[in-house]
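Trainee: Chains as they are written, first to last, in the numbering used here: chain A, 1 to 642; chain B, 1 to 545.
Honestly, I wouldn't trust all of these hints.
Unchecked claim - Some residues of chain B that are not near chain A, with every Cβ distance over 10 Å (derived): (1) 7; (2) 171; (3) 179; (4) 440; (5) 443; (6) 483.
What the hints assert, rightly or not - Distance ranges between label pairs, derived from CB positions: (7) A:22 / B:28: 44 to 54 Å; (8) B:182 / A:637: 15 to 25 Å; (9) A:568 / B:186: 32 to 42 Å; (10) A:562 / B:378: 34 to 44 Å; (11) A:20 / B:456: 48 to 58 Å; (12) A:213 / B:212: 31 to 41 Å; (13) A:205 / B:192: 56 to 66 Å.
Said to hold, decoys possible - Covered stretches of chain A, as calculated for chain B (at least 3 residues, CB under 8 Å): (14) 43 to 53; (15) 262 to 271; (16) 292 to 304; (17) 576 to 583; (18) 590 to 604.
Source of the hints: derived by calculation from the structure; they are not laboratory data. Everything numeric in this text was worked out from a predicted model, so none of it was measured. Backbone N, C-alpha and C fix where the C-beta goes; we use that ideal spot for every residue, glycine too.
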Amino acid sequence: MLSLTFLIILLPLVGFAIQVLFGRRMGDPVAGIVATCFIGGSFVVGVGTFFDLLTIHAPVRTFTQNLWTWIPVGSLQVHVRLLVDPLSMTMVLFVTGVSMLIHLYSIGYMRGDRDFPKFFLYLNLFVASMLILVLGSNMLITFVGWEGVGACSYWLVSFWFTRDSAASAGKKAFLYNRIGDVGFLLAIFLVFERVHSLEYSTIFAHVDRIGAANSTAVCLLLLLAVTGKSAQIPLFPWLADAMEGPTPVSALIHAATMVTAGVYLLSRFSPLLHASGAASLTIACVGAATAFVGATIACAQQDIKKVLAYSTISQLGYMVLAVGSGAYEAAIFLMLAHAFYKGLLFLGAGSVIHGLHDEQDLKRMGNLRRYMPITFITFAVAWLSLAAVPPLSGFWAKSDVLDNTWAAHPALWVVGIVTAGLTAYYISRLTGLAFFGSDRWSDEVPVDAVTDMPDAHHADGAIPEPHESPRVMTLPLWILAVLAAFAGLLALSDNHFSLANWIDPVFGSNLYQGHLSLSTQWTLGVVDSLVAVTGVAVAVALWTKKAQRPLLEGQFLRDSWKINQLYDAVFGRPSQRLAALSARFVEPKVIDGGVNGLATLVKRTGSTLRRTQTGYVRNYALAIVLGAMLVLAFMLTRMWWG
Amino acid sequence: MTHAPFPFLTVLILLPAAGAVVVALVPSGRTPKWTHEIIGAAVALATLGLAVAIAVEFTVGDGRYQMVSNHIWANTLGIHWSLGIDGISLFLVLLTTLLFPLVMLGARVRRDPRSYMAWLLVMEAACLGSFVSLDLVFFFLFFELTLVPAYFVIAGWGFARRGYAAVKFFIYTFTGSAFLLVGILAVAFIHQSQTGVLTFELTSLMHTHLSGTEGVLLFLAFTAAFAVKAPIFPFHTWSPDAYAEAPTAGAVLLAGVMAKLGTYGIVRFDLNLFPQATRTLAPWLLTLAVIGILYGALVACAQRDLKRLLAYSSLAQIGFIVLGTFALDSQGLTGGVLQMVNHGLIIATLFIVVGWIYERRGTWQLTSLRGMQRPAPVMAGIFTVAMMASIGLPGLNGFVGEFLVLIGTFRTHRWWGIAATLGVIIAAVYLLWAYQQSFQNEPTPEDQKTRDVNWSEKLVIAPLIVLIVAVGVFPKPVLDRITPSVDRLIAHVDTATHIHPRSTRGYGAVPAVDRGGPAAPRLTASSGSKTAREPHRPTNPGGAP
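Make a model of the complete structure from these sequences and hints.
Mentor: Have a look at this one:
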């Protein structure tokens, strides 16, 4: 099956091409079923490849497949080449698996949308791009996927393009990512200049040629790229706006897969990170800060999807923190667990939104556990998993990250554990508001008169009784719930099949070797559990009965630390003014003005010179004589000097 | 140089020229009114077929001029009918021969199709002549000849302010060309004074020995014409007027083909004739290119007029081409040449879509368009593909060229490379904004009536979209033909400026050691004693980072 690796990418691409050509003819729901089948095929090939890969002896467990030469110019030879190793294999399996479930869910969720086939067209293209990203064997192929997922994210966020907010959100997502992409491109240039190759194997074999300073530069440039794609400080604001997209998109792209691409990228560059302590520390700090800021904002949001969006930002912060602490396996583990439980949370939220006829305001939900039992049960698994209550997957994954942080940067561990408490709190607040309390959705008037929710996500008047979602939507919920509950098994150490054991050959000696004694591990585990349970308990006490506690929802947090206002004041408006100045003053007055001024000058000179055309022969003769004298003088000087 | 048994290049120029004559001679009274369009398009398609045959005959891996025709035209004046094609001009010829039939079929006019078709064919012959001429006099004649049909197409079939735009375009570019003429004569006479032979052939003149000042002055004279034509900042102000007021065909051809005459001229003539001056002045040109990239994008951000927005986006794109050219390394220059073709494909697609929008809505003002994606999804999709290619999305053609330009520039002129990379961000701003304004949001009832593209329109645009994707996914056939010629040119520049070819193997850390200077053997061979030459400056091979 290894020789069929290219099929993993090709199948979603074929699905995309079929949707482009025949999507509108197939319509609703055939287009969705066809799209899902292609992703399913990709998943099957992925599983086959996985078993084939297992037959290779662990220390050399890699396989590369050369497809064609892409950009051959002199010393720059870029090939379209795929790299299968435990890291990319892990990504392939979870990307195709989760994508398949979310495709399936979307068939139900997007039912009746007038652009139903187009949705699956983009979704298939997204999966193909994501797979290119993780399977690329050199920086440029990874970049192809990196940009591809960004473009798909743009199209899917602005999927409901007739809404101005959706169109703007898509654009915002693209532009923030674009800023990060500059970092990626410059990193590529710098690496190429030093190593004359972009292949990962060559780069990492010649880390010494890159040099310490340049290694740090490359890592920091990649970090810039990651802050864009994985929504870290300072480029995180786009992710909250991206919630304008359909909820399956939020689940797939803005929670489970695309946003974790940054973590994958940094893990891929572990040899370089290992060579640069400064870069690692910077990465860890960015991750910890993002985790904390994201969690605080999530505590005060009113839109169910916004809570989850900031939660995602915060969780991605944890992953980046893990990478910065040298704990790549912990980062990948959290990425997997997060994909399951956060995907599930989003799909559950989608089910709620669907059931409530497009209501997203938490303050207008309530008591939904009575009306949507399956959604509630599965959501509860994800809730407690994100809160990191043992023994669910979130607990193991987060403990793994926090333990490593404790060993590497104890100060950042404090930030991490505080954030863990906040995490348990905000997700329990969300659950309390949505599934417990009274039937607020039946109220005639919006409960919260001063709401900052955009109208689009706000139903007026009473909402009809909520209904459970169809089976095509609940089936993926069940599967993800099982995965979210038991993914912790992957972490059982000393197990031959553990994630750590499997992925270890990729990182090898680059892994941070912080050995914690067993007693320390136990202590930290108990602290983690206590914090999680406390956070849950506090939120349940506060938010299951009452929906309004303005004291706990400060405006500063509701406005996401005023970050959008800040960027607008510092970058947005000044650059608009600069553009306007260029277009309305510099261009017409200075540059074109210069040209027109020259034209006027020529015209005036012309009319002046016209007076010399007197028509008198004597005047012309005089001019000829004067000219001849000038020429003579010139020639004389030349002789003199020459 | 390889000579061909069949005079491909001569026929390539004469075919559309003859077509123009035929179209002009067929009377319009008695024949059906589409006769001229049929003849014109047929001639243009035949020319395209010939260009494809040339591409098939073209020897891959040979960087020299191929299919050379060389006939003495005026012996006493040293003027030769000297034609040749290499990897640098091959794809520009293909681009030209592709875009002409497409606009003839896809951007038809109601008024006087006879003159329209005749002028377009004259323009095609002139453009092709410019791209394959290896004699400076003929190059100049063709280069100038493009102005006449372009002027008449703008002035005859343009929009409201067409008169102003056409005159501005003509005078501006004509002024630039005056410098070019002086420069050509000066080079030829200097060459004559050194060798006793008066010739205008590029292959001979490129070995002319010029002092530093002479080289710089002549470089500036040539570049003045090319910078206006391209256009390069700050010589661009004719272009927004000309593009906006020209009919669709005019805009497509001005931006897609004629702009390339400028950048091509720089690559072909500046680098070959004035290698020393090219290297000396490279930082200045790079700076103008970077300003063009950033300033063009910035001004584009503030446009409310879709055609003017595209004009400024072109300014930025041309900036990338110039940047790659003056990076003076294999990747940069190859990327620059590729980007000429890419930009031609992309801007042609965008202007054709704008033409469709105008046909349907009578405007291309972004303020009066909304939500057209709802009634016209296919048109929106075509615009999206071209937009993404222009932004530089990998998998589409724009990325390959842009990437090569940037990586080449980064290696030889790091800070210019970094500044230009920042331009990548702004490029996304204005195009996405324009798309949002015109295609997204809730359509008004009037927008709702916008007709989507029909089959014939799809047929016209399909080749462009296919090429945009194909070059993005599999550029190897293109690059394999461009690179050998580019490498020859770079080697010429390096030799003339005493820089040994950069090592393509190994790890850059090894500086190219001066091996005693076998470079530029002709430098002292025949020069008379009275022309003082610059002394050999000690080379600084490590100077290139």
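Trainee: Taking the hints in turn, state whether each one holds.
Mentor: Tested hints:
Annotated as non-interface, residue 7 of chain B keeps its C-beta farther than 10 Å from every C-beta of chain A; the closest such distance is 32 Å. For residue 171 of chain B, the non-interface assignment is contradicted: its Cβ lies about 7 Å from the closest Cβ of chain A, within the 10 Å cut-off. Consistency note on residue 179 of chain B: stated as away from chain A, and its beta-carbon is indeed over 10 Å from all of that chain's, at 14 Å minimum. Under the 10 Å C-beta cut-off, the non-interface status given to residue 440 of chain B relative to chain A is violated; the minimum distance is some 4 Å.
Distance to chain A contradicts residue 443 of chain B as a non-interface residue, since its nearest Cβ pair spans about 7 Å, not more than 10 Å. A Cβ of chain A approaches the Cβ of residue 483 of chain B within 10 Å, the least distance being about 5 Å, so the stated non-interface status is violated. Between residue 22 of chain A and residue 28 of chain B the beta carbons are some 45 Å apart, a value that agrees with the proposed interval 44 to 54 Å. Between residue 182 of chain B and residue 637 of chain A the Cβ separation comes to about 22 Å, which falls inside the hinted range of 15 to 25 Å.
In this structure the hint that residue 568 of chain A and residue 186 of chain B lie 32 to 42 Å apart at CB is violated, the actual value being about 55 Å. Evaluation of the 34 to 44 Å hint for residue 562 of chain A and residue 378 of chain B yields a pass: the beta carbon distance comes to about 43 Å. Here the CB-CB span from residue 20 of chain A to residue 456 of chain B is close to 20 Å, at odds with the stated 48 to 58 Å. The hinted window of 31 to 41 Å between residue 213 of chain A and residue 212 of chain B holds, with their beta carbons roughly 37 Å apart.
For residue 205 of chain A and residue 192 of chain B, the hinted distance range of 56 to 66 Å is satisfied, since their beta carbons lie about 57 Å from each other. With a cut-off of 8 Å between beta carbons, the segment 43 to 53 of chain A has 0 residues touching chain B; three or more are needed, and the interface restraint is violated. A stretch counts as covered by a chain when three or more of its residues have a beta carbon under 8 Å from one of that chain; for the segment 262 to 271 of chain A and chain B the count is 0, and the coverage is violated. Counting residues of the segment 292 to 304 of chain A whose beta-carbon sits less than 8 Å from any beta-carbon of chain B gives 0, not enough to reach three: the coverage restraint is violated.
Look at the segment 576 to 583 of chain A against chain B: 6 of its residues bring a Cβ nearer than 8 Å to a Cβ of that chain, three or more, so the hint holds. Look at the segment 590 to 604 of chain A against chain B: 5 of its residues bring a Cβ nearer than 8 Å to a Cβ of that chain, three or more, so the hint holds.
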